[in-house]
Every structure is written in C-alpha cells, then in structure tokens.
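Assemble the whole structure, with the sequences as input and the hints as a guide.
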Amino acid sequence: MDSMQVTRWMRECSAAIAEQKDYLTQLDAAIGDADHGSNMTRGFAAVETKLDQLDGGTPPGKVLVAAGQTLVSTVGGASGPLWGTALRRAGKALGDADEVDPAQLGEALDAAVAGVVELGAAQPGDKTMVDALQPAVDAYRAALDGGELADALAAATAAAEQGMRDTVPMLARKGRASYLGERSIGHQDPGATSAAIIMAALERALSDRP
Amino acid sequence: MDSMQVTRWMRECSAAIAEQKDYLTQLDAAIGDADHGSNMTRGFAAVETKLDQLDGGTPPGKVLVAAGQTLVSTVGGASGPLWGTALRRAGKALGDADEVDPAQLGEALDAAVAGVVELGAAQPGDKTMVDALQPAVDAYRAALDGGELADALAAATAAAEQGMRDTVPMLARKGRASYLGERSIGHQDPGATSAAIIMAALERALSDRP
Amino acid sequence: MSVVAQVVKKFINDPETVVPEALAGMAVAHAGLLRVDLENQLVLRADAPVQGKVGLVSGGGSGHEPLHGGLVGLGMLDAACAGAVFTSPVPDQMAAATRAVEGGAGVLHIVKNYTGDVLNFRMAAELAEDEGLQVESVVIDDDVAVQDSLYTAGRRGVGATVLAEKLAGARAEQGGSLAEVAGIAKKVNARTRSFGVALTSCATPASGTPIFDLGPDEIEVGVGIHGEPGRRREKLAPAGEIVGMMLDPILEDLKPASGSSVLAFVNGLGGTPLLELYLLFNEVSKQLGEQGVSIGRSLVGNYITSLEMAGASITLLTLDDELTALWDAPVKTAALRWGV
Amino acid sequence: MSVVAQVVKKFINDPETVVPEALAGMAVAHAGLLRVDLENQLVLRADAPVQGKVGLVSGGGSGHEPLHGGLVGLGMLDAACAGAVFTSPVPDQMAAATRAVEGGAGVLHIVKNYTGDVLNFRMAAELAEDEGLQVESVVIDDDVAVQDSLYTAGRRGVGATVLAEKLAGARAEQGGSLAEVAGIAKKVNARTRSFGVALTSCATPASGTPIFDLGPDEIEVGVGIHGEPGRRREKLAPAGEIVGMMLDPILEDLKPASGSSVLAFVNGLGGTPLLELYLLFNEVSKQLGEQGVSIGRSLVGNYITSLEMAGASITLLTLDDELTALWDAPVKTAALRWGV
Ligand SMILES: Nc1ncnc2c1ncn2[C@@H]1O[C@H](COP(=O)(O)OP(=O)(O)O)[C@@H](O)[C@H]1O
Ligand SMILES: Nc1ncnc2c1ncn2[C@@H]1O[C@H](COP(=O)(O)OP(=O)(O)O)[C@@H](O)[C@H]1O
Ligand SMILES: [Mg+2]
Ligand SMILES: [Mg+2]
Ligand SMILES: [Mg+2]
Ligand SMILES: [Mg+2]
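Residue numbers (the working numbering), protein chains in the order written: chain U, 7 to 216; chain D, 7 to 216; chain E, -4 to 335; chain V, -4 to 335.
Simulated from the structure, these hints should not be mistaken for laboratory data.
From a predicted model like this one, the values you see are computed outputs, not experimental measurements.
Cβ atoms here follow ideal geometry from the backbone N, Cα and C, with glycine treated the same way.
Don't take every hint at face value.
[Unchecked claim] To give an idea of the interface, some chain E residues facing chain V are shown, with a C-beta separation under 8 Å as derived from the structure: (1) S57; (2) P61; (3) V134; (4) L231; (5) G235; (6) L269; (7) L302; (8) A305.
[What the hints assert, rightly or not] Once the Cα atoms are required to be at most 20 Å apart in a straight line, the calculated DMTMM-like pairs of lysine to aspartate or glutamate come out as: (9) K281(V) / D32(E); (10) K281(E) / E213(V); (11) K56(D) / D87(E); (12) K68(U) / D8(U); (13) K98(D) / E121(E); (14) K56(U) / D87(V); (15) K281(E) / D208(V); (16) K68(U) / E18(U); (17) K56(U) / E34(V); (18) K230(V) / D9(E); (19) K327(V) / D323(E).
Structure representation (structure tokens):
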C-alpha cells in the first residue's frame, strides 16, 4: 500500500459513508441518538479537506495519523475519539515507510483495533464497532498466511459484514445502546455498520482496478 | 311566572347547557379559546347548588339576582360577567313580586339585554350573544301584544335560534373572535348559541306541561 | 378550522384540579417567597400587604406560566389571580387579592385586554371601591397582529404585560404613588408592541385535543396566547424570514427613531426549545441593527406562554433613562430575579 | 422503534448553523455576563480567567439548553463547550476552554457520563496536561433508570449535572482548591439520583423527524436527554402514579434516612408547560412527605432539556449543611440567579 492507495482508501470511506449517511443515522435513531450518520460524514468530509492539503509524497502512516487527528477534532461523540484513535494507531504502526507490505498492513489493523479496545474498553459481544473490526482483522491475518492480499482483503470485508450482522441479536453493554438494556436486542449497531463500510472501502482502494 | 317556574327555568338551562357542553366548546375552539362549554356548565351547576339553598318562597326576581350573582362569581371569561349581569338586571326589574305577568317578564328580558349591551358595548351584527338575545326580546314583545304568553315564548325561541344562525356569516367585532378578523366569518358564535339554548329553556319552563 | 383528533398527553390527575394542584406545588417550591390562597386561587407575595407601598394585582386565565404567579415578589406583583386554563378569573378573586395587598397606598390592577379579563376586573374594582379601597386599572394592549379600533375588542395584551409588571412594580417598590405607578404601566404600554407566530397549536387539559390544526409546513401568523388561530396562515419559512414577518408590523406601528434603543424581548410560547429562541434573538438583533435600532436591554425565554404551543413572540419597548433604570432595579420573583 | 414520518417544525435557517447562530444570540442577549468564542463554540464568563480561582469547564451536545451555556457565570461555570445537537464537543474545544479559564488554580472538568463526552474530555485533559495545565475531571452519573455495572457504559449524567455545577461553582467562588472543588462535585454526584419520563419524542434539526414513535396513550419510562427511548414503555397514567414510577427507583437507590432533608428538582425536558411541572412538584412533595423525607431546597423548571420533548425528570439530592450553604451562595448566570 502506498501513499496514493491510502489516500484512495480515505476518499472511498468518505464517499461510501456520505452515501449511507441516512441509513447510519436511522440505525442510531433506533438504539442511540440519531447522529452517527452526520457525525461520520462530517468527519470524513474534513479528512478529505485535510488530504487536499497534504503533498502527494506523504507516507501512508503519516496520512493515516493526519486523518485520525482530523476525525478526533471534527466528529465528537463516541465515534470521533474511537475512529480517530484507530486511524492514528494504525498510522503510527506504519511509521514513515513509503511502501507498506500486506503483513505490515495487518499489524496496522491490529494496532487500530487494539487502540479502540484500549480507549473504549468494549469486549467482543458488547454490540459495538469492535464486533465488526476484530473478526475482520483476524480474518485478514488468517487469509494472508499462504494467501494473497486480495483474498485477505476480501476475507476481512466478509468477516466485518458478518460481524456487523451478528450485532443484531446482541444486548448492548457499551455506548448509548446500553441504556436500552433488553430493548437494544434486535437492532444492528451503527458503529459496526460503519466499520464494515470502512473495511469494504479498504478492499476497493487496494484492488488493482483503480 | 312564579318562584317555582323561574327555578325550573334555571334548572332547564343547566341541563340543556351541560348536554351541549362539548358542542359549545367546539364552536369556541373554531373562533375562540375552546372554553365556552365548560364555562357555562360550571356556572349553571353552581346556580343549581345555589337554588338548593334558597327557600321555596323566594320571589322570582330574587332568584334571578342570586343566579346572576352566582354566574359572575363562578364563570369568569367574558360570558360570566355578561350572563351574570343579564340575569341580575332581569331580577332587579322584577323586584320582589311573588307573581310576574307576561308584560313584566318582557320588561325583565329588556333589562337583561340592556345590561349586556351596557357592559359589553356590542352592537347588533358584532357576532355576539346580543345577536340572539335582541331579536328574541323584540319578538317576545311583538307577539305578546294581542297574543298569548305561549306564542310570545315560542316567537322568542324561534327568533333567538334565527339570530344564532345569522351570526355565521358575520365578521366578529367583539370578543376573542374579533382577533380572527375575516377568518371569523363562516362560524356560529358560541355565546349566541347559549343564548338560544337559554331562551328555549325559558319556553319549556313556562309551558303548562311541567 | 377542524379540531384534530390527536391527543396531547399531559401530567395531570384530573382536568378540574390542575390549577389548584399546580398552585399548591408553587407554594412548596417557593415557600418564603410566595404565599398561596388556595380558596381564592391567589399567589401572594409572602410579606403582603407591604405597608405604605402601592399594591400591584394582576391575573388571568392559567396556562401562561410563569405569568402571573411566577412574577409575584419584591419589585414586581403583590398578587396574581389564577383563573381556569385560558379563562379569566372572577371578580371575587380579584377583590380578595385587592384586599390582601392593600397597604394604605392604593392598588393597581394590571389587566390584559381580553373582554373577559376587562369585564371581571372592572366588576372587581367596583366591589373594592364599594369597600372604600382605592383602585386604579391599566389595560395592556400591545399585540399589533390585531387591528385596533373603537368598534372592536381592540388589541390583545401579550408581552408588554411582563414588562409593565416589572417596571411599574419597580416604581412601586421605590415608593411611587398610585398615580405614578399607574403612569409607568401606561407609559410602558404606550411604548411597547408585540407580534406572535405559532408552529403548533396547544390543548387545554379539559379538551385534551389541539385547538386548531396545522399542516406539516404551515405556521399561524399573528397568534395570541390562548391557542386561538392567528390572523393568517403562511408556509413555514427560514427563521430570518419569520422574524421579518414579526418585526415589520411591530416597527411600522412603533416607529422607533433610528438611533433609538429598545428592550428586545423574545418570548417562547411554551413548546419551543431555548436553542431556537436564542437563534430568533440573533435574527432580531441583526435585523434591528439594519434599521439603526440598538438593543439596550434583552429578555429571552418562556415568560408568557400558551401551554405547550410551539411558537414565539417578539416584543419591543422603546427605552428611556427612566424605564432603563426601572428595568435594572432589583426584582425577586420565581421567574425574574436580579439584584437581590 | 419505527421513525415517525411526521415533521417537527423549527425556527431555524440551516440545520448546520443552528448552534453557532444560537450562540451568537446568547452573546447579544447576555452581553456583560457572557463572552462567546464562536470559532471554538465556547460560552465564557465575561471576566474569565478569574485569577486565583479554580476554573470550571463543562459542555456536551447542544439541545439541552439552558445547560451548559446558560449556567456560565459568577458562582457556577467559567466555560461551556457546545457540540452539535446531541453530539459531544471535540477535545480541541475543551482544551481551548481549559486554557481560557485557567487562572492559576487549576481547572475542573464536569463531564456527563456518556461515552462520547467521557472520551472527548479525556483526550482534552491529556492535551491540556501536555501543555502543563492542571486538570481534574469529575464524571456525573445519577440516572437510576440505567443499571450501573463495571461491564457497561454505566449510568447517564442528567439532573445532578446542574446541581454539581452550582455547588462546585460556589465552592470555587469561595476560593476552594482544585481538590476541594472536585470533592464537592463528587460529593454531589454521590448524593444525587434522577429518573426521567417522556410523553413525546423530539427531533434534531438535522433529521427533523421524531427519534421514536409513541402511541396517544403511551409514555417512555426511564429516558435520558438525547431523545433516546427509555427502559420501557407504559400506559399514560395520572400524574401521581407517574411520580411514583419515578420516585420509587430513586428512593430505592438513594435510601435517604427518614427525617432527612433533600433538594427536590423537578426538571422539564423542554415541551412540558410549567403548569404541569408545578403539579408534578406538588406530587413529589406529597409523596416524599409520606416517606418522612422533607424538602429543604427546591428547583422547578426547564434546566437540562431534550429539545422540545414533552416530559420531566425528578432529581433528589440529600442535603447537609455544607451543600445547603453552597446552594444558597450567590449565583449570576443566564438561567440561575440569586443573591447578586
Ligand atoms: N465503548 C465503546 N467501544 C467501542 N465502540 C463504541 C463504544 N461506545 C460506542 N461505540 C460505538 O459508537 C457508535 C455510536 O457512535 P455515534 O452515534 O457517532 O456517537 P454517540 O453514541 O456519542 O452519539 C456505536 O454504534 C458503537 O459502535
Ligand atoms: N363585548 C361583548 N358583548 C357581548 N357578548 C360578548 C362580548 N364579548 C364576548 N361575548 C360573547 O361571549 C362569548 C364567549 O364566551 P366565553 O368563551 O365563555 O368567554 P371567553 O371569550 O372569555 O373565553 C362569545 O361567543 C360572545 O357571544
Ligand atoms: Mg449517536
Ligand atoms: Mg372562550
Ligand atoms: Mg376563555
Ligand atoms: Mg451523539
């Protein structure tokens, strides 16, 4: 993954989330406060503005750190610090290498999830973005040893989407949805949904057809 | 008209208004503040309580003064002082005679309307209770000279109901309805409606079949 | 106007006892500041009657809270009479209030110009005068949404009522005579104009259903404070345009000299969030600035309401040094308090 | 929960600019009392930073007015950070507020316990500490409608926030150290419990439609202040019963000794008339009396709201002499003012 591809990832995220804005907000209306769509859209729009200011050669790690910092500074809510930390940690893991190989990308994704868990203290099964991210990262690494990057990315996307769907029957223990207790059951978690969108964007960004 | 009959009149008013309560309130909702039905019902319920305290022999005039005073003290709004004054003036006009002849009743009704006009300064055509009361009193007197009490009462009731219907096309110049300007046109005035109910109650009270 | 079937849910036990129960709550919440006469439905200043001070009495239908009971206290009203929701109180209550606040300097009745309020207060004044009490009455009629005329009920009393009660109350606290205190109330009324807009109707506890019916993109322009429909119906517009619809008739009628200073009062009708009231106030200050009118004093919040109606009214009072000083004077009521 | 199609009309120009426009309105309405930093969406005490005084910073999503901006001033907050409607502000705003109120005695962050508020304030505290500023944080979590547990997000911060800001602010005004001021906020939180009920939902300016859907005879029991549904849905009941539904879990958790004295706070969620809030307060005082609990201090009104939601919350704080004295201490803010 190079600077151009990581930038493409971020722009793919921005486009896909803006497109799903109302859907994400509707999911949040059911078990939260109806702002996840606007929060994420606001944040990634700011990330795109930020990317325009970076010069082409900026190493992937630095791009992700800048993107994460921008999310922290513009999103607010729970998702701002959490997604911001995820991208910053991934970026830090990549240092200032100009090229990132699939294994390093795996470590970066690991660091991202670890950052979210460290900050938000969510366990798998708590009905949060972690329930989409963790399986995605596990699937990526599993598919990678022996397999191709493309397969690993495809496995990660599929696992994220499965993890997203698996949040439906869960009883929320973290975030606003936890205030609903039993009533949180039967609804898909908004943050897990944006996690699936972001993993799918990564796959598109790194696929050969630009 | 004797003490028993005037008491019957007041009780007929109370029953008829309570029955029309929601209708009166609905009329008031369209061009006022949706309280005429509860105002009048509250007032005449208090009048009935008051009547229970008076001893049978109380002269008609005194009964009406007491009823009017009770309306003033329990109704509030525009209709309380207006209807209260109407009954008090009618009562005062009757003095303490134990028996009231049809001509004296006509003078009492005259005094009632005069009291309403003096207090509220409404002209005929202003879309108020006056538009039902004035024609009723005029019709009563006209029918009485030469005619029977029963005919006069029937004429009064008919005129009150006609006057009530005639308020529909009027543009209100007095009371809350006047705030609507042109928008008051096309609605029947609540106070004119209770005036028609009260005149009809008088006819029933004085009809021979008790 | 078709009455909507939809129900408005309320925290009540029995529609008939809403007002006395709320008054009982006020008595506990503001013990020390207020005394409540439940029999006559009066909210009284705890230390009434104040000897040597002109007593101020106001009142009207309930449903406009904090008006009038929340405006009873040092520097404002001595007594407020509470009627049924949207129904003027009766003369007996007003006479009882007049007796309770008479401190030897006479009593001023501040009356909102509604037929019911005017007639009942007039009868109350007659009762009190028959008992030898000295009573003056000032009728407030500041609502420019209603055409004024000798042949009609005239304008409604709305936002100016709050200002007249504050400013006349301050004059009374300073030891003004009955004529002086009444003079301030008249002066405030003469220099104040208001206009209201509703986004929704409201429902009385007795009826439980909205008084009128508004489409999802309609507003009522020129409403009062009794849930009555306004002068006309318009399409919902941006806040800036709506403020224009309200300010234009006010300024047309008030004609403040360019360079003059006003007290700008943005009042919520009950169901509009404070966030929106401040946004409206921002528009008022921008648009007044364009007219060369400056804001000398401000009031933003729910002070004269129409139950849960979503909507707002704008009230402008052209200030002078006397009125500005009276506004700044100490006031200690449940709803307005400063300097003490 | 199905999202209702029905629209909620609002006085706005553009959903994106509601908060800055409202802040601009506050700046004009309360000039002299407040200063507004529009770039960082901060409401600041006019004389901030106050040298030698602990600075108090709070904040959160908008839509809860007068919280927090209307609680900025002498004896209460030094700064309030305004986020988008129902969305916590970002660390940059909170750090800017911390810098702006730092008067040499350290800064206290009063944080409502929502994941977003907690995480953003934590990051802000780290930023400020990196700059060498001394910051303490107290998290408020008084809502007994939410089960508390180590494994969940825990209870929400609601009514206790207003009380903690008043009482800790009073301690700071008296010259208390950062530890002492934080100690008061923690003490208030430990002695306060709240519970909320909604009669309707509310709509954010961005979405324009109610967040949840309630039948004409249904209420949401155990709601917070973000239009989120409550713990359960019940049939509408008389006010006395609803107050029972709210008081029981509060008293069960707070366990005030019989004979103890509380500060009773009946808070409107935005769309409920004051008339009903006083009626609810009357029920609270009756039912507490039956439990042998007396009301030492009272607060009734809209202080921590959820836009135009019709509903109310009850908050009880068990008083002692220290807290009673801090409550009575002078406060000068847009929404709470006495003694000055
Ligand atoms: N402690 C946590 N750990 C991980 N993710 C969390 C946590 N709390 C909340 N989230 C995620 O944040 C999402 C909500 O984000 P958003 O609606 O933008 O913020 P807010 O809840 O403050 O309104 C939830 O759907 C959930 O996936
Ligand atoms: N000045 C007036 N003269 C005569 N009748 C009047 C006058 N003003 C109002 N009314 C009558 O009072 C009726 C309204 O009574 P009501 O609804 O009980 O009082 P309010 O208008 O105070 O709510 C009107 O329908 C009208 O007939
Ligand atoms: Mg959310
Ligand atoms: Mg009426
Ligand atoms: Mg009325
Ligand atoms: Mg949020």
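Consistency of the hints with the structure:
The beta carbon of S57(E) is positioned within 8 Å of a beta carbon in chain V (closest approach about 6 Å), and the interface hint is therefore held. Taking 8 Å as the C-beta contact cut-off toward chain V, the hint placing P61(E) at the interface holds, the least distance being around 6 Å. The interface hint given for V134(E) is violated, since its Cβ lies 25 Å from the closest Cβ of chain V, which is over the 8 Å cut-off. Hint on L231(E) holds. Least Cβ distance to chain V is approximately 6 Å, under the 8 Å limit.
For G235(E), the shortest C-beta to C-beta distance to chain V is roughly 6 Å, which falls under 8 Å, so the interface hint holds. A least Cβ separation of about 4 Å between L269(E) and chain V falls short of the 8 Å threshold, and the interface hint therefore holds. Interface hint status for L302(E): upheld, as the beta-carbon distance to the closest one in chain V is roughly 5 Å, under 8 Å. Interface restraint check for A305(E): the shortest CB-CB distance to chain V comes to about 6 Å, inside 8 Å, so the restraint holds.
Straight-line distance between C-alpha atoms of K281(V) and D32(E) comes to about 18 Å, which keeps the hinted pair within the 20 Å bound. Between K281(E) and E213(V), the direct Cα distance comes to roughly 43 Å. Violation of the 20 Å bound is thereby established for this hinted pair. For the hint linking K56(D) to D87(E), the alpha-carbon distance of about 16 Å falls within 20 Å, and the restraint holds. About 11 Å separates the Cα atoms of K68(U) and D8(U), which keeps this hinted pair within 20 Å; it holds.
This hinted pair checks out: K98(D) and E121(E) have alpha carbons roughly 18 Å apart, not beyond 20 Å. A distance of roughly 16 Å separates the Cα atoms of K56(U) and D87(V); the hinted pair therefore holds under the 20 Å criterion. Our distance criterion of 20 Å between C-alpha atoms is broken by K281(E) and D208(V), whose separation comes to about 38 Å. Distance check on the hinted pair: K68(U) and E18(U) sit about 18 Å apart at the alpha-carbon level, within 20 Å; holds.
For the hint pairing K56(U) with E34(V), the CA-to-CA distance comes to about 18 Å; that is within 20 Å, so the pair holds. For the hint pairing K230(V) with D9(E), the CA-to-CA distance comes to about 16 Å; that is within 20 Å, so the pair holds. Annotation: proposed proximity of K327(V) to D323(E) holds, straight-line Cα distance about 14 Å (limit 20 Å).
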